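Participant: Protein sequences appear in the order of chains A and B. Per the working numbering, the very first residue in the first sequence carries number 1; after that it's consecutive. Per the working numbering, the very first residue in the second sequence carries number 1; after that it's consecutive.
Some hints here could point you the wrong way.
Claimed, not checked - In silico DSS-like links for lysine-lysine, alpha-carbon gap of 25 Å or less: (1) B:Lys-28 <-> A:Lys-143; (2) A:Lys-151 <-> B:Lys-210; (3) A:Lys-143 <-> B:Lys-244; (4) A:Lys-11 <-> B:Lys-28; (5) B:Lys-210 <-> B:Lys-244.
Stated by the list, open to error - Non-contacting residues of chain A with respect to chain B, defined by C-beta distances greater than 12 Å in every case (computed): (6) Gly-9; (7) Glu-10; (8) Glu-13; (9) Arg-54; (10) Val-61; (11) Gln-65; (12) Arg-69; (13) Arg-114; (14) Arg-118; (15) Ile-124; (16) Ala-150; (17) Lys-151.
Derived from the structure by calculation, the hints contain no laboratory data. Predicted, not measured: the structure shown is a model, and the values here were computed from it. All residues carry an ideal CB built from backbone N, CA and C; glycine is no exception.
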Amino acid sequence: MLVKVQINGEKHEADVEPRLLLVHLIRDVFRLTGTHIGCDTTHCGACTVLLDGRPVKSCTVFGIQAHNREIMTVEGLEQDGKLHPLQEGFMEEHGLQCGYCTPGMLMTSYAFLRKHPRSTEDEIRQAISGNLCRCTGYVNIVKAIQYAAAKLQNGGA
Amino acid sequence: MALRTSPAIGGMGHSVKRKEDPRFIRGKGTYVDDVQLPGMLYLDIVRTPFAHAKITKIDSSKALGVPGVLTVITGQDLAKYNLHWMPTLMSDTQMVLPVEKVMYQAQEVAAVLATSRYAAADGVDAVHVEYEPLPVVIDPRKALEPGAPVLRTDKKDKKDNHIWHWEWGDRAATDRAFREAEVTVKQDIYIPRIHVASIETCGCVAQFDKVNGKLTVWMTTQAPHAIRTVFALVAGHVGLAEHKIRIISPDIGGGFGGKVPVYPGYVIAVAASVLTGKPVKWIEDRMENLQADSFARDYHITAELAARKDGKLTALRIKTIADHGYTDAAANPSKFPAGLFHICTGSYDLQAAHVEVDGVYTNKPPGGIAYRCSFRVTEAVHTIERVADLMAHQLGMDAAEFRLKNFIKPDQFPYKSALGWEYDSGDYAAALRKAMDKIGYAELRREQAERRRRGELMGIGISSFTEIVGAGPSKHFDILGLKMFDSCEIRIHPTGKAIARFGTKSQGQGHETTYAQILAEELGIPVADIQVEEGDTDTAPYGLGTYASRSTPVAGAAAALAARKIRDKARKLAAHLLEAAEEDLVWEPGKFSVKGAPNQFKTIQEIAFAAYTNHPQGMEAGLEAVSYYDPPNLTYPFGSYICVVDIDKGTGEVKIRRFVAVDDCGNIINPMIVEGQIHGGLTMGFAPALMEEISYDELGNIQGGSFIDYLLPTAVETPKWETDKTCTPSPHHPLGAKGVGESATVGAPAAIANAVVDALWHLGVRHVDIPITPAKVWKLLREHGVAE
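So here's chain B without its partners, still in its complex pose (with noise of 0.2 Å):
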């Protein structure tokens, strides 16, 4: 795409250095654990090392007498205001406090107020908590055989640990295919319980003004508005109203998913503030964050793929058990119990689909969040790149070839997968082939030959993903009943300078430059006379938040239609200045120009100026607007991704050797973020698919909760990405925009798994489940004799 506007200006095209920058480099963010009031109080919180257990007894009597103490919480406590259960954002319900039961590992138990963070800790530990201890269940498929201990006991009637059975798409149609296939392929794959840890943990600043009745919160929320309508519903019958509601979402320390769903840890806070009317803080610490927030994947999938010998695909058929927890706490939208995992058959043109989720209790904390993918995305693309990489090999085709041969072509876009999802636009083939040149495709075959002969592991996996984000059209999408829409207010000031805000909230992705240079774009205000604010629901239009790669497909469209609304009446204006007719008037960002005569012109900052000082009779003063934008469609970026690993015999440590992204989101707004956004999300898949992992003893212990144990790729392991791209602007999109912030944590895992098979696939090596640790290769390489 061309550039319309100056550097000056720095319009869309532009790398414009990011406005946000100049207070993180000076330490001058404001995060939640910055903000102290006056006789601000904290809490922590008392919790379980059982899985599950029944409480007998909770002890605070000692705690009490701890210096700085003030109170400690229980689930009792609560049970009078009736705030001891709140809803989750799947209609299910979650605990705050318990009354009777534990039912994960680190569950709150109870809660401590105190004059000082060490205060709190020390009354903590001195809280005395008896319990009894009942069977624990952690394989969800075992939670499903008949004679499992019950979980949710809370539950009227409930005779078992199954949550819900959605399934998708035509189950005749697709074993009809499978019956008629020539070859068929079938594979079981786990996508294991993975955590996103944000390195700023969750937390949360309460304040309730007793005069007032106001209550503002200071909270790691990606998503402010939709937190305050749940606050105002949850609560109202304590006094609780919404126009006394503000949530104030600050400088975020990534979100990833992690910081949509509302924690017992922010609901304490608040009622402890509106206790004692006192400003009360939460801060998690890593622990409690990798132990008690929302999980991710969890899913038990079983895949198959039929196929006609020529290599035509012809049908998908998956069925998966999702390890929810105790409660169904999943961040989907409400239609979506399974999130978009039906996006499952990809980047490839199917007659046939059908897909089944059935949704299972544990004993494991509750959530289910999307880890930088859109709802289960990262699931379905895993799971299809896998078995169509899985059919590759048993037709004995080369893995490019095969996808070339089965992608939706470009000339069947607008594209209705079988599915049912109406894919934007694509062209799958072009992203491919430029991996393929760019990585040296052809001569990596020659060279992974050779080494073969010599007895040498090298692999190449592909990975060709179709992403669906911006979430989402009012038609299907809603979180408890709230539709999806996304919005944008604009106000001119008279001096040509522009505040504009937003219901979204950036937690890194570079809102205030990226929004600023739409705006820019539309309108010819520079970037840096635009202020661009967020995450304040006194100020901010109301917007769901950010997640699910939805600010620019969403929050972006609105500020585009905002902008052109402005334009619409600067037209006016300039044609009353002008003395003009508006129809003759010509549009270049930044001024209108009389037709024929371009010297004629007025600017953007004249318009404004007359907006205030000089505009006709009759017209309102000003220069603002708004739009609440209601996506027609969802926007389909992609890619195409190549891993080419080596593997040690001696450790069976996976190196990569070379990892080559081509991604095309459609129109770009800044460059230099939408790259740092795919340098990041690799970084983010590369991670879970050899190292990250949450798992559990059989008593329902956490392993891998702190640090230590939770591994996390630091400078060292990161592999030096090489990144290209493609251009398909969205058809439906005002800026033809697609948005990428998640595109590569979703489509880089299947491209390191399909390599490391790749590798193994000569031993008789079919599958490797992710994190594909060197323990996990050595004992591969251990049973096909060729460990050294």
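Next comes chain A alone, as it looks inside the complex (with noise of 0.2 Å):
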């Protein structure tokens, strides 16, 4: 089946198997290898992209579901080569250390930010409950988002 989707601003089409997950899609077929897989089960949500703006864990989606629509991943966080204050933030504050769940993190994050600017440390732990991490111990990803969520209320990106 012809799925066409826009991805990070760009269009791209193929020719795919109606079972084709969308993580597949976007991994072996587009190239874009930011995306990760963790688990088959939609629990570690390293696999994580915004469709038509709304977090989905990509490896229980199927790929000519998001026809006709849009998809952001980890490659279109940054804009015009300027980091996006995430990004930012999970480099200031050692927010990561294998990079494997990362992209994940920094998608569930980005929608969790974009709907709730302001957010104490228990509901920013809450949003990404569903995104799993076994080399940091959290502390400094909540940490990251929250230098994230300082930056945009000071007008950062």
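Relying on the hints, combine the two individually framed chains into one complex.
Facilitator: So this is what it looks like as structure tokens:
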């Protein structure tokens, strides 16, 4: 089936099997490998992307369900060579180690901050509870999101 | 330790932002599954639903009819090349694919090669396998009983399921100390099977170039060089020679010990690529990862501690049954079948100790890796810290006071333990006192007494652990005969920029940054001007890889020593440029100046340029060095953790109110990275303490084989860690560093378990096995009549 999508503002199309998962469409067909696969059961969140602005776990969505829709992946966060405050925050606050879960963390928190620009630490922890990380212990991930929230409040990006 | 370099240079002690982060936060890392090659085929694996069964038939005919499927590989196919069995790291043997019977649920049975991931999965579904179930042995204690079915029928003359007996220490002296003891405690402790569950699963892309006879494998491995040698040794007979094998370990999404072993999937993918001449990708899914990759722990321990009435410990005695699954594939140094478990005397000064471990075959996946700890030290620490607490309670002493009384004292270092280890340095009391101050220990004890009067359940748990890392000194440490040195090779380019390559391989620890900082410290070249590379056996010097917190203790030392060799040559070049005698030159990071004439100097960059443009007659051009570092001893980081828990009498839930961790890893290279490692380690200690467990029913069906039922902590459950440090440099490490990546995993579970038992002690509870789940606690509360 022909699937046409816009990913990070660019048009892509491909003829794919109806059962092809969105994560494989993004990674294997369109070669945007920032989105990762960590489980088969929608628990780890490494494959989180935005579909029409809403975070989805792309291992549980068929590629064709994204037909004529907009997808945003981690590669779309940086704009005109400028890092998004979340990307900056993850670097500044040492919010990543192996980096494998990081794209999913970034996309989940990107969508969260857009809806909840002012949030408590507990709300942030709840917001990323669908994203698993084995390296960092979460403390610094939360700090990274708080860093971005503060910067966005002050008019950054 | 005072900073010796400016922030612009960024040597030791600076919280330099990580050099690896810019690619990861943009999604530009390269993990194995990101590698896509022209004409690449996909491999998927047929796995058995039975834990023990004879294979009576494998019918591939339907699978071969699936569009895209090229072939189905069975054990019989590999047997033609004698590749159906492979050696394990512990010199046992492991099936690549079975020809007769399967030994655990989810074992590889056959492999399907196809043109796409999905076609390969379709092929797997279409392979028809017939089994004849055999009796299943799950409990290692039952496996040792006379009459238990013998599992390893492939081993001639094997009459039981016992793998090895290993013991260490002075049995007679220990028995005598127990006979003479005024107080003893004894406890059975089970440390269950758990899984590292790195978020990236394992996999590889194998590419055999038939024309040049060269095999390249992109692979999730923590030890690329060792893998290359193993491949060459095992498959030399089919033409794979070591100089024609290139292992590339690209970005790795977490390892934690789980990416040390060789899994059958890797071998099948390599075999498939050699047979077809095409690149073959194998990436396991999460269920395969949890169900078939190496487990950790699985120790059934009986521990006894002896003491005098005044609280002075005298002896420790431990017996352990180690469940190794169907084959002994533990990832330990060859000489230590139970890893470094005999560090179990911990932080305490004991006269005598004796430890026995028996390895046992069962119908479970093979392995035995360390889950972010160095070779079973977590089991050792958990055991000693649990029984130390039991003893303190038994004696009616405060748990902290008891520890302070029994710690090895600072003036006893270097300290030879009753089990033969030589601890390098430490000040255990300083770490515990700092943790007590930080958490407000005395006040918490008062609060606990108050709450207990009100019927509330609050506990305070301490774990004062000693880690043992930096494997290791070649006189004791090898894997399959390969001595466990590590390496660094530095090349300084004419313009003063450098590239450094290492035999280790980061899985997220931040090597690109910390190694660059070591070189910046030693050479004064800014961190930004140093490129660090690892994980490519065609370019990196030979090393044993990254696990057991060995990178800073071993390869970090190699970096310092290689840099010092470069400095020695740089001094000669500077003397030539400044027309001064070498001994008249003074080094400070970044330049040599003339003694008494500080304005006369040459920077390391000027010296580097001269090494290629203006070196003295008779001197070789270039500025390069390599060091293969064989550590004289292991390093012994330590710490004291205090955990405060409140237990909900309605649900049995254990809530961690506070957790203070004071760590001592000697001199610190990057404080930000060290703190991050401790946060991560604490979370990986917290998880097995309260959540993680892989168990099996009596038929060998895995309970907890996906993230639906194998519980990992999220940001919601994970406590807010409070960290602090003391600093006792290692006397034998060139930088005084000790390593830190695993300390917290090792130390945390006992602090949590001790806190829970402390909360329940007055009810008569003496021990709770981890994971301390709400169900387990609630049952205890019911038994003691306090559940609400």
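Participant: None of the hints should be skipped; say for each whether it holds.
Facilitator: Hints, one by one, checked against the model:
| no. | hint | verdict |
| --- | --- | --- |
| 1 | B:Lys-28 <-> A:Lys-143 | holds (23 Å) |
| 2 | A:Lys-151 <-> B:Lys-210 | violated (55 Å) |
| 3 | A:Lys-143 <-> B:Lys-244 | violated (47 Å) |
| 4 | A:Lys-11 <-> B:Lys-28 | holds (20 Å) |
| 5 | B:Lys-210 <-> B:Lys-244 | holds (11 Å) |
| 6 | Gly-9 | holds (15 Å) |
| 7 | Glu-10 | holds (15 Å) |
| 8 | Glu-13 | holds (19 Å) |
| 9 | Arg-54 | holds (19 Å) |
| 10 | Val-61 | holds (16 Å) |
| 11 | Gln-65 | holds (17 Å) |
| 12 | Arg-69 | holds (20 Å) |
| 13 | Arg-114 | holds (18 Å) |
| 14 | Arg-118 | holds (18 Å) |
| 15 | Ile-124 | violated (8 Å) |
| 16 | Ala-150 | holds (18 Å) |
| 17 | Lys-151 | holds (15 Å) |
Hint compliance for this structure: hints 2, 3 and 15 are broken, all remaining hints hold.
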